[in-house]
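Counted the way UniProt numbering counts, the sequence shown spans residues 1 to 397.
Calculated directly from the structure, the hints in this document are not laboratory data. Treat the hints with care, as some may be off.
Claimed, not checked - As a list, the in silico DMTMM-like pairs of lysine to aspartate or glutamate whose alpha-carbon atoms are at most 25 Å apart:
(1) 297 / 318
(2) 283 / 195
(3) 149 / 102
(4) 21 / 195
(5) 119 / 138
(6) 186 / 258
(7) 186 / 286
(8) 361 / 195
(9) 393 / 286
(10) 297 / 362
(11) 119 / 6
(12) 347 / 271
(13) 347 / 362
(14) 393 / 321
(15) 21 / 151
Stated by the list, open to error - Derived Cβ-Cβ restraints for the label pairs, each shown as a range:
(16) 20 / 312: 52 to 62 Å
(17) 55 / 176: 28 to 38 Å
(18) 113 / 176: 39 to 49 Å
(19) 109 / 356: 45 to 55 Å
(20) 332 / 301: 15 to 25 Å
(21) 55 / 325: 35 to 45 Å
(22) 340 / 392: 15 to 25 Å
(23) 366 / 48: 16 to 26 Å
Backbone N, C-alpha and C fix where the C-beta goes; we use that ideal spot for every residue, glycine too.
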Amino acid sequence: MDRRAENLASLNADQRMVFDKVMAAVAPDGSNPSVPHLSGKLFFVDGPGGTGKSFLLDTILASVRRTGRIELAVAGSGIAAQLLTGGRTAHTTFRLPLNRDETSTCNIGVRSFEAALLKRTSLIVWDEAPMTHRFQYEAVDRTLRDLLKNDMPFGGVTMLRSGDFRQTLPVIPRAGPAEVIAASLKRSSLWRHFETLRLTTNMRVQTAIDDQHLSRFKRLRTTYCALEMKDMTVANTMKDHGMDDQVARSSRLSRLIETVYAYFNEGHQPDNYFAERIILTPKNADVLAINDMILDKLPGDAQEYRSVDTLDGDDELELQERSDLYPPEFLNTISLSGMPRHKLRLKIGTPVMLIRNISTKEGLWNGTRLRVVSLRRNGLQPVIMGGAFAGKKVLIP
Numbered sequence: 001m002d003r004r005a006e007n008l009a010s011l012n013a014d015q016r017m018v019f020d021k022v023m024a025a026v027a028p029d030g031s032n033p034s035v036p037h038l039s040g041k042l043f044f045v046d047g048p049g050g051t052g053k054s055f056l057l058d059t060i061l062a063s064v065r066r067t068g069r070i071e072l073a074v075a076g077s078g079i080a081a082q083l084l085t086g087g088r089t090a091h092t093t094f095r096l097p098l099n100r101d102e103t104s105t106c107n108i109g110v111r112s113f114e115a116a117l118l119k120r121t122s123l124i125v126w127d128e129a130p131m132t133h134r135f136q137y138e139a140v141d142r143t144l145r146d147l148l149k150n151d152m153p154f155g156g157v158t159m160l161r162s163g164d165f166r167q168t169l170p171v172i173p174r175a176g177p178a179e180v181i182a183a184s185l186k187r188s189s190l191w192r193h194f195e196t197l198r199l200t201t202n203m204r205v206q207t208a209i210d211d212q213h214l215s216r217f218k219r220l221r222t223t224y225c226a227l228e229m230k231d232m233t234v235a236n237t238m239k240d241h242g243m244d245d246q247v248a249r250s251s252r253l254s255r256l257i258e259t260v261y262a263y264f265n266e267g268h269q270p271d272n273y274f275a276e277r278i279i280l281t282p283k284n285a286d287v288l289a290i291n292d293m294i295l296d297k298l299p300g301d302a303q304e305y306r307s308v309d310t311l312d313g314d315d316e317l318e319l320q321e322r323s324d325l326y327p328p329e330f331l332n333t334i335s336l337s338g339m340p341r342h343k344l345r346l347k348i349g350t351p352v353m354l355i356r357n358i359s360t361k362e363g364l365w366n367g368t369r370l371r372v373v374s375l376r377r378n379g380l381q382p383v384i385m386g387g388a389f390a391g392k393k394v395l396i397p
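Sequences are here, hints too, so could you generate the full structure?
See below:
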């Protein structure tokens with residue numbers, strides 16, 4: 001039995017229902033595989049985390065490929081795209097515009113390779129759909145209608161979107177709740193054409209019910225409760241002795257780090273040590289503080305990398321004026337979302353995360369976790385810690 005057949009046999013009732021509906025739309029009986037069947041069917045798979053969305057999508061993609069048809073797998077983020085066989089980001093696949101509006105179209109030429117591929121595509125799978133701005137969906141819709149000369153939604157190509165609207169919605173800087181909701185797929189005129197299919201069985205819980213996972217869950221729960229009680233005791237004791245909140249906060253962070261990253265300072269740990277541990281916080285300032293504390297605990301000397309803090313240009317007078325307005329001291333203080341700090345301290349063995357797509361072919365996506373194995377003057381050599389490219393060494397300038 002091949003892997004695809006094994007996956008089909010593993011589908012639960014909800015997953016099988018979605019599979020049958022999509023395959024009937026993409027590859028109806030008697031249809032010619034070399035000619036895309038433009039059914040115009042639009043599906044949205046709604047399921048919380050753990051309901052097997054990625055497993056289902058991969059099974060559908062493999063089945064469509066087996067029929068000789070072309071499918072495209074995309075996602076709203078690089079990390080999500082890594083979970084799909086042949087997955088790429090939607091921005092890369094469709095050349096989505098950075099400055100989107102209600103009239104946007106994709107940057108795809110009529111005679112381009114991308115256009116030829118889209119004309120032959122039978123199915124487009126789009127994971128983590130709720131996090132993408134509706135203007136970008138509408139841009140893809142306009143582009144496909146134009147390329148295929150078909151006025152059906154998305155040019156008649158079968159679309160399979162998936163995600164959970166209870167999780168991440170479109171990220172809009174400084175936007176309020178009303179603006180975020182207005183940018184979601186559900187506020188698009190295309191939404192009424194989608195058929196919502198729901199996954200309700202949490203496969204992650206069902207497959208994890210064994211003694212090992214139960215024991216791990218109990219340890220996590222016990223650790224959390226113990227930390228919570230100790231934090232309350234420590235905080236009250238410090239308050240009684242007149243110690244300020246900053247000292248108390250630092251103590252709590254140290255205890256958290258020692259618990260999550262136990263034995264961290266005893267030498268270089270294997271990749272799975274870091275892959276199984278992470279500290280989450282909503283604020284970048286807290287991330288930086290925690291990272292500095294953990295780095296100080298790692299053995300070895302740190303190497304410091306600094307950003308370019310000088311302006312470039314051909315006009316010397318204009319360059320001097322700009323330099324007066326934006327001196328290096330000011331440039332060094334800039335800290336924006338999606339950009340590293342001016343000073344980046346690293347040690348051998350440091351776990352790091354990419355914050356932008358570098359090379360999808362090399363597995364270097366926004367969100368990829370790596371571990372530094374070599375520090376060089378003008379770059380570093382890390383190894384990818386997880387996913388399809390786990391264990392691969394790469395160079396990052």
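Hints, verified against the model:
1. 297 / 318: 46 Å, violated
2. 283 / 195: Violated. Residue 283 to residue 195 sits at ~37 Å, over the 25 Å cutoff.
3. 149 / 102: Between residue 149 and residue 102 the Cα gap is close to 21 Å, so the pair holds against 25 Å.
4. 21 / 195: Holds, at about 10 Å.
5. 119 / 138: OK: residue 119 and residue 138 at ~18 Å, within 25 Å.
6. 186 / 258: Answer violated: residue 186 to residue 258 is near 44 Å, above 25 Å.
7. 186 / 286: 34 Å, violated
8. 361 / 195: 33 Å, violated
9. 393 / 286: Status violated; Cα separation ~29 Å.
10. 297 / 362: Not satisfied, since the Cα-Cα distance of roughly 31 Å exceeds 25 Å.
11. 119 / 6: 32 Å, violated
12. 347 / 271: Roughly 15 Å separates the two Cα atoms, so the pair holds.
13. 347 / 362: Between residue 347 and residue 362 the Cα gap is close to 23 Å, so the pair holds against 25 Å.
14. 393 / 321: 44 Å, violated
15. 21 / 151: At roughly 23 Å apart (the allowed maximum being 25 Å), residue 151 and residue 21 satisfy the hint.
16. 20 / 312: 52 to 62 Å: 58 Å, holds
17. 55 / 176: 28 to 38 Å: 36 Å, holds
18. 113 / 176: 39 to 49 Å: Taking Cβ atoms as reference, residue 113 and residue 176 lie about 41 Å apart, which means the hint holds.
19. 109 / 356: 45 to 55 Å: Since the Cβ atoms of residue 109 and residue 356 sit about 25 Å apart, the hinted range of 45 to 55 Å is violated.
20. 332 / 301: 15 to 25 Å: 23 Å, holds
21. 55 / 325: 35 to 45 Å: 54 Å, violated
22. 340 / 392: 15 to 25 Å: Since the Cβ atoms of residue 340 and residue 392 sit about 22 Å apart, the hinted range of 15 to 25 Å holds.
23. 366 / 48: 16 to 26 Å: 24 Å, holds
Comparing the model with each earlier hint shows violations of hints 1, 2, 6, 7, 8, 9, 10, 11, 14, 19 and 21; every other hint is respected.
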